[in-house]
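Sequential numbering of the sequence shown, starting at 269, is according to our numbering.
I should point out that these hints are in silico values taken from the structure, not numbers from a laboratory. Note that beta-carbon positions come from the ideal geometry of N, C-alpha and C, so glycine has one too. Hints are not guaranteed to be accurate.
[To be verified] Just the calculated beta-carbon pair ranges, DEER-fashion:
#	residue 1	residue 2	range
1	N528	G746	32 to 42 Å
2	N528	E787	50 to 60 Å
3	D711	S499	50 to 60 Å
[What the hints assert, rightly or not] In silico DSS-like cross-links for lysine-lysine, where the CA-CA straight-line distance does not exceed 25 Å:
#	residue 1	residue 2
4	K404	K435
5	K565	K517
6	K337	K447
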Amino acid sequence: MSEVKEFQAETKQLLNLMINSIYTHRDIFLRELVSNASDALDKMRFISLKDPSVLGEDRELEIRIDIDKDNNCLIIEDNGIGMSYEEVIENLGTIAKSGTKAFLDKLEEAKTENAIISLIGQFGVGFYSSFMVSDKVTVETRRWDKEKGVRWESDGSGTYTIEEIDKKERGTRVILFLKKDLEEEENYLDQYKIQNLIKKYSNYIKYPIKIKWEEETEEGIIKITDKTLNSMVPLWVKNKEEITEEEYKQFYRENFYDWNDPLEVIHFKAEGTSIQFAALLYIPSKVPFAFYSKEYKKGLKLYSKNVFIMDNCEGLLPDYFSFVRGLIDSPDFSLNISREILQKNKQLEIIKKNIEKKIIDALKSILEKEPQKYLEFWKEFGPILKAGLYQNIHEKSKIQDLLLFECSSSQDKITLKEYVNRMKADQGNYILYAVGKDKKTIDNLPQMEVYKDKDYEVLYLTDEIDEFLIKLMHDYEGKEFKSISSSDIKLDDDFQSKEEESKNLLDKIKEHLGEKVKEVRLTDKLKESPACIVSADEIISLNMEKTLKNFEQIPFRAEKILELNPNHEIFKVMEKIFQENPESEELKEYAELLYDQSLLIEGLEIEDIDRFIKLINKLMIKAIN
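Whenever a hint applies, use it, and build me the whole structure from the sequences.
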């Protein structure tokens with residue numbers, strides 16, 4: 269007896285979209301159903317590896333497409349693993365599973381059909397694309413280890429029926445009752461149309477996709493034969509010279525559900541070494557959707573002799589290349605190898621080193637020969653490279669030349685190698701950097717004045733992770749990274765004597781500011797500004813304080829130093845006030861104003877905004893009078 273069940277609310281939303289919103293990409297329904305069938309055959313093949321007898325008489329794993337013109341039906345059938353009653357409810361009544369919210373959020377953002385189609389593949393909800401072309405869909409399935417089959421049926425209106433049935437063969441049959449108002453070019457009962465769609469979307473499916481092919485002989489007799497529509501030759505097995513650019517792109521779209529073309533294709537074979545393997549890798553042009561979510565599965569597909577072993581093998585890619593998509597096929601892997609065994613597998617380490625080198629070489633080549641293309645890559649994947657290197661800093665020598673930074677002397681981003689090659693002869697052994705939320709903020713830092721005057725190039729660290737990464741890297745080719753605020757850098761040889769002369773004044777200013785600062789000192793790095801704030805400890809800088817505060821990761825503040833410009837008119841006024849009356853309240857007010865002003869320039873909060881404004885007003889009135 270059949271049961272009537274309601275779709276999950278999110279499924280209803282998706283079905284409504286499929287039925288009413290998508291008109292120009294309907295063809296993809298066949299790709300999605302064939303892909304599902306292929307997955308079911310993969311699972312059946314795994315089971316049969318341990319016990320071939322489970323296949324019974326139905327030993328050839330295949331996908332069949334039948335055209336039923338009398339009933340206006342298209343049928344896609346496989347003899348794969350099949351589904352149980354419970355699995356049918358789980359797989360066909362619910363979408364997105366743990367990623368439901370992310371899916372819906374992205375669905376709302378999707379403005380184009382291309383974006384929507386991409387989402388369909390990414391979230392594994394391709395079955396529902398059937399309703400783009402069908403008024404009703406029937407699924408008949410029997411799991412390989414069950415005696416009874418299951419029939420599922422829906423018109424996409426919000427409910428579905430499900431019941432047990434007698435079904436002799438294992439596997440799944442999807443029956444599409446096609447819409448009667450489809451366009452002429454959407455005649456899915458035409459065998460040539462089906463053939464073209466299989467060639468376009470599913471040519472590399474490793475199982476035969478068969479159809480009853482009708483062909484008229486010279487005598488006018490209709491001859492019906494079994495015809496295999498796909499080549500079944502895996503793309504990665506072919507030589508590169510045999511593969512067109514479009515074939516590479518098509519394979520990428522079909523297998524990795526990205527509607528965008530890849531940025532770069534890396535295809536190579538390793539033979540005659542300790543391990544043989546073929547690799548087909550893709551550098552995407554855009555960060556994959558949901559890449560930063562817990563649901564996203566990173567890693568490469570793993571095959572052995574063209575037989576699928578596992579998806580998302582993470583051990584083949586370092587963290588900084590986790591965005592790379594692709595597959596590895598090696599005859600040296602056993603078909604039943606587990607993830608646990610792979611973690612200790614020496615062959616995997618050899619493969620990992622090889623593909624890592626190939627990726628690095630490819631990116632370096634793009635950087636050198638196609639800099640604009642690399643900039644596009646960096647815009648998308650630069651943060652991933654930096655985050656991955658931060659977590660694997662011992663690998664810095666491998667990818668440090670791939671890093672790009674904004675700088676003071678150019679509108680273009682530069683590499684560390686370019687920086688070093690352009691260093692001034694009198695700059696010393698330091699790679700100078702400054703930290704801020706953007707270029708404009710850094711340009712306006714008081715500390716930048718003297719470096720601009722001397723024409724020293726400064727790296728601009730504008731991403732939150734940049735300073736953390738730089739500190740971990742410590743140096744590049746023997747040249748130490750140094751903040752422009754660092755006390756280690758002395759630009760004025762006569763500066764020490766000036767600071768000794770002003771010691772009593774500096775001590776008094778420190779007394780006025782109390783625990784707000786660790787020290788008050790003079791600086792030779794200011795030209796037009798009267799003061800600036802720097803951190804007393806290079807381990808925790810002012811910027812790190814702001815960053816960690818945003819993430820609620822740190823309960824304390826960076827220790828601050830107030831640096832004063834001894835050549836500025838305000839400092840000279842403070843000297844005069846101190847000479848006349850060391851205990852002057854006016855001196856305290858100047859100290860507070862300079863301290864608060866410096867905080868604001870650094871993007872830090874001041875404790876008492878009202879007092880700050882009152883002191884400014886007081887000094888303005890005094891200046892007028």
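Comparing the hints with the structure gives:
In this structure, N528 and G746 meet the distance hint of 32 to 42 Å, their C-beta atoms being roughly 41 Å apart. The supplied range of 50 to 60 Å is met by N528 and E787, whose beta-carbon atoms lie about 53 Å from each other. At about 58 Å, the CB distance of D711 to S499 agrees with the hint of 50 to 60 Å. At roughly 21 Å between alpha-carbon atoms, K404 and K435 fall within 25 Å of each other, so this suggested pair holds.
For a cut-off of 25 Å, the pair hint linking K565 to K517 stands: about 21 Å separates their Cα positions. In summary, the hint linking K337 to K447 is supported, as the alpha carbons are separated by about 13 Å, within the 25 Å threshold.
Going down the numbered hints, you'll see the structure goes against none, and every one checks out.
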